[in-house]
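Peer 1: Here the protein sequences line up with chains L and X, keeping their order. In this text, residue positions in the first sequence follow the working numbering: the first is 271, and each later residue adds one. In this text, residue positions in the second sequence follow the working numbering: the first is 271, and each later residue adds one.
Simulated from the structure, these hints should not be mistaken for lab results. Hints are not guaranteed to be accurate.
Which copy is meant is left open, because identical chains are indistinguishable; a pair holds if it fits in one copy or across any two.
Simulated crosslink set (BS3-like; lysine-lysine; CA at most 30 Å straight-line) [to be verified]:
1) Lys438 / Lys477
2) Lys348 / Lys333
3) Lys477 / Lys382
4) Lys442 / Lys477
5) Lys438 / Lys314
6) Lys314 / Lys333
7) Lys294 / Lys382
Treat the numbers as computed from the prediction; the structure is a model and nothing was measured.
One letter stands for each residue in the lines below.
2 protein chains.
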Amino acid sequence: MNMDQSKIPQATAKRLPLYYRFLKNLHASGKQRVSSAELSDAVKVDSATIRRDFSYFGALGKKGYGYNVNYLLSFFSKTLNQDEMTSVALIGVGNLGTAFLHYNFIKNNNTKISMAFDISENKIGTDVGGVPVYDLDELESRFPADIPVAILTVPAQAAQSITDRLVKLGIKGILNFTPARLNVPGHIRIHHIDLAVELQSLVYFLKHYSTEEKMV
Amino acid sequence: MNMDQSKIPQATAKRLPLYYRFLKNLHASGKQRVSSAELSDAVKVDSATIRRDFSYFGALGKKGYGYNVNYLLSFFSKTLNQDEMTSVALIGVGNLGTAFLHYNFIKNNNTKISMAFDISENKIGTDVGGVPVYDLDELESRFPADIPVAILTVPAQAAQSITDRLVKLGIKGILNFTPARLNVPGHIRIHHIDLAVELQSLVYFLKHYSTEEKMV
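Input sequences plus hints: build the corresponding full structure.
Peer 2: Shown next, in the form of structure tokens:
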């Protein structure tokens, strides 16, 4: 497919990993085809949105047939670079960081936390979920050139200074779980997941919106 | 302001808690006005989006002056129901759940985790971050009628059955941190934060998008 990937809207791109996971399950259960209604029910995205998303990939379902599971799966697999492993570093092995290390994205084939850093003597030198924890003071000497992504699970007040160090080390993207808004050069991508904002936003939606129009 | 809240686009509504937090900080530091460029720099949302968002609230900045901090703050405070406390229950006191309990949204004035549930004997009967942990078997007898929101941090395979029980208890919204997609009646709102999908999505964006167009 010669499609220009950068033409896919960001909102669509955000849903790709979700579609991919569900299609893998479908495939594993031996299913050959799926309708946008079935997909919609499973991933909780309305079927008009699914049809529009899929049309960007040139995957056009047939009426009364639906989509070919194998075709979609191999397309998503390629698009999501499933055959290429991305190493990730985690900074901050508190409760949230520990949760990530134990989880370690076992359902993702293409991302793996390969090292973690902390300042606590109780944690330095241990393995958490099979991942070695190093001294944050050794970040510069330990950090390999082939890690493009870091997960930041440190206290908010430490977030910017550690980010500055990661930027010097050539990081390309940061998944920021701290409440801090990070300042980085324009070529670095930050995805910010602020747990307090997520909760406040849910409460706001409960008060102000009909729940028939769901978000993803 | 007689504006119909339900006319605010959901993407705008999602940014309200972010704006509100930053404006509180500005106000605390004695600032009287703020430009959309300053706001943009602080909250990492482009200023055209900020201006469009604010226009929905009838807050129209003046050229060369910007926005009045007090006005915005009192408007957001009212809109986000800052004077009304929402109690939240947390189900699943593992690493992720423990992180939430210690955090307990201290920066939110209007949301508070008031009780937690788990199945582990080591945790039942303890306080984590000042929040009592009860036996999940006692969910039906302990759960008060005035808790509209639950945070779900349980293993994926337990998510749907616990959700079914919460639905029977009259829950209105669930913040779902499990990889499971939950089936609920249409009047219940689910916000799903799938950590594996967030990581995969960041990796995808690093490979396919120019990083100058940031997401929030």
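Peer 1: The structure should be examined with respect to each hint, and the outcome stated for every one.
Peer 2: Verification of the supplied hints:
Taking CA atoms no more than 30 Å apart as the test, Lys438 paired with Lys477 passes between copies only; the shortest distance there is 20 Å, against 44 Å inside one copy. Within a single copy, Lys348 and Lys333 get their C-alpha atoms as close as 26 Å, which meets the 30 Å cut-off; across copies the closest is 48 Å, which misses it. With identical chains, the CA atoms of Lys477 and Lys382 are at most 30 Å apart between copies only, with a shortest distance of 16 Å across copies and 39 Å within one. Proximity of Lys442 to Lys477 under the C-alpha cut-off of 30 Å is restricted to the inter-copy arrangement: shortest distance 10 Å between copies versus 38 Å within a copy.
Taking CA atoms no more than 30 Å apart as the test, Lys438 paired with Lys314 passes between copies only; the shortest distance there is 21 Å, against 40 Å inside one copy. When the C-alpha separation of Lys314 and Lys333 is checked against a cutoff of 30 Å, the pair qualifies only within one copy, where the shortest distance is 21 Å, while the shortest distance between copies is 43 Å. For a Cα distance limit of 30 Å, the shortest separation of Lys294 from Lys382 inside one copy, 19 Å, qualifies, whereas the shortest one across copies, 38 Å, does not.
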